[in-house]
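Based on these hints, arrange chain B on the given structure of chain A.
There are 2 protein chains.
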Amino acid sequence: MEKCAPVLSACMQRMKGIQDALDILNGKWKIRIMAALTFGPKRFVDLQMIIEGIGPKMLSKELQLLELNGLVRREVVDNKPVGVNYVITEYGLTLETVIKELSHWGNTHRIQVMGKV
Amino acid sequence: MEKCAPVLSACMQRMKGIQDALDILNGKWKIRIMAALTFGPKRFVDLQMIIEGIGPKMLSKELQLLELNGLVRREVVDNKPVGVNYVITEYGLTLETVIKELSHWGNTHRIQVMGKV
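Quick mapping for you: the protein sequence lines, in order, are chains A and B. When we follow the working numbering, the leftmost residue of the first sequence carries the number 1, and every step to the right adds one. When we follow the working numbering, the leftmost residue of the second sequence carries the number 1, and every step to the right adds one.
Bound conformation, chain A alone (with noise of 0.2 Å):
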């Protein structure tokens, strides 16, 4: 990290904040997952259908992942049949500003680039 400079630490440190961040949400779901569960609780379903383009395989993989990091959190809803919810965790919700920004980024991108709302 010699390089880092001008402001060696501060550098290092947003590295590593970044390197951290990304070994929790890596891979090209797992930050949509949580922005959908921004908008509250969800079915297996609901995220299938929200979130473009994922398998129920990789869904599940990625929402146990999400869980083991306290993220997200199941919750078994008294229907008939019985259903569940996934949650995101009080937790999950510290992520609500990057998301929000994150977003805010990519729409405000999209407008500049491709002149498309």
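If you're looking for bench data, these hints aren't it; they were derived computationally from the structure.
Pair ranges (Cβ atoms, derived):
(1) A:Ser-60 <-> B:Leu-93: 37 to 45 Å
(2) A:Val-77 <-> B:Glu-75: 52 to 60 Å
(3) A:Lys-28 <-> B:Pro-56: 21 to 29 Å
(4) B:Lys-57 <-> A:Thr-89: 35 to 43 Å
(5) A:Ile-111 <-> B:Asn-26: 14 to 22 Å
(6) B:Val-87 <-> A:Ser-60: 36 to 44 Å
(7) A:Arg-73 <-> B:Asp-78: 52 to 60 Å
(8) A:Pro-81 <-> B:Val-87: 56 to 64 Å
(9) A:Tyr-91 <-> B:Lys-57: 34 to 42 Å
(10) B:Gln-64 <-> A:Pro-81: 49 to 57 Å
(11) B:Met-12 <-> A:Tyr-91: 21 to 29 Å
(12) A:Val-77 <-> B:Glu-52: 41 to 49 Å
(13) A:Val-77 <-> B:Arg-43: 54 to 62 Å
With a Cα cut of at most 30 Å, we get these calculated BS3-like pairs of lysine-lysine:
(14) A:Lys-100 <-> B:Lys-30
(15) B:Lys-28 <-> A:Lys-16
(16) B:Lys-61 <-> A:Lys-16
(17) A:Lys-30 <-> A:Lys-100
(18) A:Lys-61 <-> A:Lys-100
(19) B:Lys-100 <-> A:Lys-28
(20) A:Lys-100 <-> B:Lys-28
(21) A:Lys-30 <-> B:Lys-100
Stretches of chain A that chain B covers, calculated by requiring three or more beta carbons in the stretch to come under 8 Å of a beta carbon on chain B:
(22) 32-38
(23) 92-100
Small disclaimer: the values here were computed from a predicted structure and weren't measured. Glycine included, every Cβ here is placed at the ideal spot set by N, Cα and C.
What follows is chain B alone, placed relative to chain A:
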């Protein structure tokens, strides 16, 4: 996107933004490269040093893609020997908030989960 309730359009808008942002920042390296460049222009070898684990082929490819998307530009430096700096563009700097927030989250996550600073 039928199940993006309760606030359908806001949810769709957020998902679209995330999708577009990740289309540009896909993979495990681009955000790291942009983060390093928020601390000033860097030579290729500097970037390789700062971004742990990236190989020269991958770094070269990723820089080209970032350049294509207008987030990074090359700047020839009239040293002896002549060198090239990679510089974040004004447009690239619009990502700074996202990068700061993500890094802040990663640092907080590490402290919370692993108890390490």
